[in-house]
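Given chain A, put chain B in place with the hints provided.
Chains A and B supply the protein sequences, listed in that same order. Using the numbering used here, you'd call the opening residue of the first sequence number 990 and step up by one each time. Using the numbering used here, you'd call the opening residue of the second sequence number 990 and step up by one each time.
Since the hints were derived computationally from the structure, they do not count as laboratory data. Be aware that one or more of the hints could be misleading.
Said to hold, decoys possible - Computed footprint of chain A on chain B, listed as stretches where at least three residues anywhere in the stretch have a Cβ under 8 Å from a Cβ of chain A:
#: 1; stretch: 1026-1036
#: 2; stretch: 1087-1098
#: 3; stretch: 1107-1120
#: 4; stretch: 1163-1172
#: 5; stretch: 1444-1450
What the hints assert, rightly or not - Keeping only pairs whose Cα atoms sit at most 27 Å apart, straight-line, the calculated DSS-like set for lysine-lysine is:
#: 6; chain 1: A; residue 1: Lys1044; chain 2: B; residue 2: Lys1102
#: 7; chain 1: B; residue 1: Lys1098; chain 2: A; residue 2: Lys1043
#: 8; chain 1: A; residue 1: Lys1096; chain 2: B; residue 2: Lys1171
#: 9; chain 1: A; residue 1: Lys1098; chain 2: B; residue 2: Lys1097
#: 10; chain 1: B; residue 1: Lys1051; chain 2: A; residue 2: Lys1051
#: 11; chain 1: A; residue 1: Lys1321; chain 2: B; residue 2: Lys1178
#: 12; chain 1: B; residue 1: Lys1048; chain 2: A; residue 2: Lys1055
#: 13; chain 1: A; residue 1: Lys1441; chain 2: A; residue 2: Lys1077
#: 14; chain 1: B; residue 1: Lys1048; chain 2: A; residue 2: Lys1018
#: 15; chain 1: A; residue 1: Lys1355; chain 2: A; residue 2: Lys1300
#: 16; chain 1: A; residue 1: Lys1249; chain 2: B; residue 2: Lys1018
#: 17; chain 1: B; residue 1: Lys1321; chain 2: A; residue 2: Lys1130
#: 18; chain 1: B; residue 1: Lys1051; chain 2: A; residue 2: Lys1312
#: 19; chain 1: B; residue 1: Lys1048; chain 2: A; residue 2: Lys1125
#: 20; chain 1: A; residue 1: Lys1018; chain 2: A; residue 2: Lys1367
#: 21; chain 1: B; residue 1: Lys1048; chain 2: A; residue 2: Lys1300
#: 22; chain 1: A; residue 1: Lys1096; chain 2: B; residue 2: Lys1077
#: 23; chain 1: B; residue 1: Lys1044; chain 2: A; residue 2: Lys1077
#: 24; chain 1: A; residue 1: Lys1328; chain 2: B; residue 2: Lys1249
#: 25; chain 1: A; residue 1: Lys1125; chain 2: B; residue 2: Lys1328
#: 26; chain 1: B; residue 1: Lys1097; chain 2: A; residue 2: Lys1125
#: 27; chain 1: A; residue 1: Lys1328; chain 2: B; residue 2: Lys1130
#: 28; chain 1: A; residue 1: Lys1102; chain 2: B; residue 2: Lys1029
#: 29; chain 1: A; residue 1: Lys1174; chain 2: A; residue 2: Lys1455
#: 30; chain 1: B; residue 1: Lys1102; chain 2: A; residue 2: Lys1029
#: 31; chain 1: B; residue 1: Lys1220; chain 2: B; residue 2: Lys1451
#: 32; chain 1: B; residue 1: Lys1102; chain 2: A; residue 2: Lys1143
What the hints assert, rightly or not - A few chain A positions that, by computed beta-carbon distances, are all more than 10 Å from chain B:
#: 33; residue: Ile1040
#: 34; residue: Lys1043
#: 35; residue: Glu1085
#: 36; residue: Val1086
#: 37; residue: Thr1145
#: 38; residue: Ser1374
#: 39; residue: Met1396
Cβ coordinates follow ideal geometry from the N, Cα and C atoms, glycine included.
2 protein chains.
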Amino acid sequence: MAGKGIKKKGITVSKKDDFSAWYGELVQKAELADLRYNIKGFVCYMPWAVISIKKMFAKYEKALEKYGHQPLIMPSLIPESNFHLEAKHVEGFAPEVFWVTEAGDGKKKFEEKLALRPTGETAFYKMYSLWIQSYKDLPFKRYQSGSVWRYESKMTRPFFRGREFHWIEAHNVFATLSDAEKQIKEDMKITHEMIGDEFAIPVIFFERPKWDMFPGAVRTHAADALTESGKVIQLPSTHLLGTNFSKPFDVSFVDKDGEKRYGYITCYGPAISRIYGAMVAIHGDDVGLVLPFDLAPVQAVIVPILFEDSKDNVLSECRKIEKMLSGRYSVKVDERDDKSPGEKFNEWEMKGVPVRIEVGPKDVEKGQAVVVTRHDGKKNAVKVSGIEKAVTDIAKRFTKELKDRQMKNFAERIVDCKTMPELEKAISDNNIVRCGFCSMELDGEKCADIIKDKTGAEVRGKKVDKENKKFLKCVVCGKPAKETVYVAKSY
Amino acid sequence: MAGKGIKKKGITVSKKDDFSAWYGELVQKAELADLRYNIKGFVCYMPWAVISIKKMFAKYEKALEKYGHQPLIMPSLIPESNFHLEAKHVEGFAPEVFWVTEAGDGKKKFEEKLALRPTGETAFYKMYSLWIQSYKDLPFKRYQSGSVWRYESKMTRPFFRGREFHWIEAHNVFATLSDAEKQIKEDMKITHEMIGDEFAIPVIFFERPKWDMFPGAVRTHAADALTESGKVIQLPSTHLLGTNFSKPFDVSFVDKDGEKRYGYITCYGPAISRIYGAMVAIHGDDVGLVLPFDLAPVQAVIVPILFEDSKDNVLSECRKIEKMLSGRYSVKVDERDDKSPGEKFNEWEMKGVPVRIEVGPKDVEKGQAVVVTRHDGKKNAVKVSGIEKAVTDIAKRFTKELKDRQMKNFAERIVDCKTMPELEKAISDNNIVRCGFCSMELDGEKCADIIKDKTGAEVRGKKVDKENKKFLKCVVCGKPAKETVYVAKSY
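So that you can see chain A by itself, here it is in the shape it has in the complex (with noise of 0.2 Å):
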């Protein structure tokens, strides 16, 4: 009964047809983000997105606390001569920083311009160097949580990419190479924990070819999701840094036998705002957003149907049932009267609220009321001294469920291709090839820029994981496959 006659007021185009306008509608009409801030590229972030945001970073720093990283709070300022230490480091970021030149009503000019922060390693490494002495200091693990700031030259897109974002970065040093390398395994695990299993978002490891590397980095591993419009999101990269950094920044240690050593340097950089985007544009359909369970700022809303003559009654067992679930979720009775509840259903599922709970005063008269998830839109009566209990069941399937969705999509996704044409045609397809490549060293370049040239995809690299397809020729130069590479477009 309810919602009849309410014209449908999801998102106007649809996620398929368009993806770009799709989000973008999403965006404003869920009322996560507003692009009318007066400086380019800077958006402000609104409660909807905050709260879920702020979870995500909690989740986040507790795992990491749980593999022992420490929480610092560094400067947001780096003064240049710091990144002039690592020569790739600066000519990778040079373009892209926002530089504070002035203080004050002009008078102040610095000597030396002030960075504004686009990722920490040359602030951190600068302290590093005082505060690792000894082995006995190592292995040593700091994480921050904050912003960083980076003028970017691609197109921005709210939480995808911005000029200032919001990220977790981690820096670890180690006494061996072997140790770094098991951080860098532990890194990925920890993504998947995070990334997977409680964001839902199913990820493949690439290591990056090596044109394609993090300025500074021996070796880049980055997370790649794929959004229904067949383009992939990087989501936490970690890359070796062995000791590119530690020896310009003297990140040394006397090991047991005396010996002055160079320490080796891993980093980690789950970009939490970016991840929420990825998250939003994954999850979300034509109605509007759909969140994982933890992370929606609304776990389950409680819509009366209101009738004149039975509005105590039903207005009282709605706040019965808010009663029974708030000890453990969060949950809201919506008791606008300036709304119809066909209006309040299409609002809370534009904001992806996972748990409705539909009150009329038939259900009361029978002790029961409709139970509806929001990623499948199943509706189930169920009385009411086992709504926790449902609830509960919804709450620990529904994010596996969530994830279960994205895993198949992306199995589908793949596609194996022996020569350009194959290639150009899947990926033209939306799809993520799979292909024989020549090398991931510097001499593989020319091919990774033939295929971008003729499809606008990237070499995304090849799987961290076991790879179990092998292929004889490289798919644009036809000479022998040193490796198996992914290939897709990118965000």
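Just chain B now, with coordinates in the frame of chain A:
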């Protein structure tokens, strides 16, 4: 027995004799901050401080949300033109702003300078004018947790005052002045709940004199806390901005009667990093840090007294106690074998761990442990079966006892003065003076300047709570006293 022959390694200067040196040493020895970062006025916050600061943020955010505030994340950069909309605001903050003038490798110069947010009004209200349209949107209560940057000319001191600090700012809009006034009262209530009850720092709220207001405010209320040196430190302030900002920023709404009206704005700014510094300064002693129970990174440390022949027994008893406590408390067994028990005692006292549990072989024989509380040094032998209850009892009273101690100190330090010589003596004896004063309007500033010149102390304003004490004459000029004010030196 433990600790015998161990030189107490507390702080080498007494807090009473030289507060500044004491504080500096405490910050270093308890490993709270490192001042060696290579930009003046910017420091690195170390894990032991950051863990407590994060807990403080979480408590405060929860309280603000309980009172109906919703979280935002606003950009850190603000266009210069936003500042110029409110004349007094720009005048007050202009000398303190860090300016971003360029990006990238020097080619991109911004047409308009971008301020690193020294405070958020001019970013928030620019957006509020878009977000607030109707009386239905009011009250509108939002907050942000984040960093602010100020090119301070005053001497910096870690946590107390730095060029980057970490705070919460809440900005609220109301339809009427009286609603705004109620918000000011609510802000004060939150302050007492948080700063007073949770962080154990008693404060007095003062209405500041007209010459000492937040730039752009109609009225400023600020909470002063007392330190042992007799100086006060300003903790959160809450400002009635009235329509001073809503007019130039056009924060307006269509009222029930269809008329356009300007919103009444209040703002509230608890600077968490500064409150942390105050907490360290106020509760600490010559042995080290003292922290409110909830905020301590480790709440109970278990120190085994190890001898070769009983080592296994003692360690297993320690782990048993750890297991009993670890569900409810943050607890740690200090198993290091390169430190003596006495050295461990000193270290954990320096770090401000509220409860120490000592377990030696004789304790194991008797089925007991020795429980020591950090704030009063009291030792009690407790049956192991009763340890959880003992710690829970301590948890309940610890923070309250810290606060009560400070309340007593605060009350004793307030000295009534009728003449300037009395005032000068009281200030030089490290007290807070209560006295008659001619006027808190701008015509009173001359008398305030005389006090400042003679004593270095400032007129902090009149108490917001009811003032029972009346004076006949202004302590400086002898004219009739319109107000009873408080005078103190400040950080």
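Hint by hint, here is what the structure shows:
no.: 1; hint: 1026-1036; verdict: holds (count 9)
no.: 2; hint: 1087-1098; verdict: holds (count 9)
no.: 3; hint: 1107-1120; verdict: holds (count 5)
no.: 4; hint: 1163-1172; verdict: violated (count 0)
no.: 5; hint: 1444-1450; verdict: violated (count 0)
no.: 6; hint: A:Lys1044 <-> B:Lys1102; verdict: 34 Å, violated
no.: 7; hint: B:Lys1098 <-> A:Lys1043; verdict: 34 Å, violated
no.: 8; hint: A:Lys1096 <-> B:Lys1171; verdict: 42 Å, violated
no.: 9; hint: A:Lys1098 <-> B:Lys1097; verdict: 18 Å, holds
no.: 10; hint: B:Lys1051 <-> A:Lys1051; verdict: 18 Å, holds
no.: 11; hint: A:Lys1321 <-> B:Lys1178; verdict: 26 Å, holds
no.: 12; hint: B:Lys1048 <-> A:Lys1055; verdict: 21 Å, holds
no.: 13; hint: A:Lys1441 <-> A:Lys1077; verdict: 24 Å, holds
no.: 14; hint: B:Lys1048 <-> A:Lys1018; verdict: 31 Å, violated
no.: 15; hint: A:Lys1355 <-> A:Lys1300; verdict: 16 Å, holds
no.: 16; hint: A:Lys1249 <-> B:Lys1018; verdict: 26 Å, holds
no.: 17; hint: B:Lys1321 <-> A:Lys1130; verdict: 19 Å, holds
no.: 18; hint: B:Lys1051 <-> A:Lys1312; verdict: 20 Å, holds
no.: 19; hint: B:Lys1048 <-> A:Lys1125; verdict: 35 Å, violated
no.: 20; hint: A:Lys1018 <-> A:Lys1367; verdict: 23 Å, holds
no.: 21; hint: B:Lys1048 <-> A:Lys1300; verdict: 38 Å, violated
no.: 22; hint: A:Lys1096 <-> B:Lys1077; verdict: 20 Å, holds
no.: 23; hint: B:Lys1044 <-> A:Lys1077; verdict: 38 Å, violated
no.: 24; hint: A:Lys1328 <-> B:Lys1249; verdict: 25 Å, holds
no.: 25; hint: A:Lys1125 <-> B:Lys1328; verdict: 14 Å, holds
no.: 26; hint: B:Lys1097 <-> A:Lys1125; verdict: 46 Å, violated
no.: 27; hint: A:Lys1328 <-> B:Lys1130; verdict: 23 Å, holds
no.: 28; hint: A:Lys1102 <-> B:Lys1029; verdict: 13 Å, holds
no.: 29; hint: A:Lys1174 <-> A:Lys1455; verdict: 13 Å, holds
no.: 30; hint: B:Lys1102 <-> A:Lys1029; verdict: 13 Å, holds
no.: 31; hint: B:Lys1220 <-> B:Lys1451; verdict: 17 Å, holds
no.: 32; hint: B:Lys1102 <-> A:Lys1143; verdict: 22 Å, holds
no.: 33; hint: Ile1040; verdict: 6 Å, violated
no.: 34; hint: Lys1043; verdict: 7 Å, violated
no.: 35; hint: Glu1085; verdict: 7 Å, violated
no.: 36; hint: Val1086; verdict: 7 Å, violated
no.: 37; hint: Thr1145; verdict: 12 Å, holds
no.: 38; hint: Ser1374; verdict: 30 Å, holds
no.: 39; hint: Met1396; verdict: 31 Å, holds
Checked against the numbered hints above, the structure violates hints 4, 5, 6, 7, 8, 14, 19, 21, 23, 26, 33, 34, 35, 36; every other hint is satisfied.
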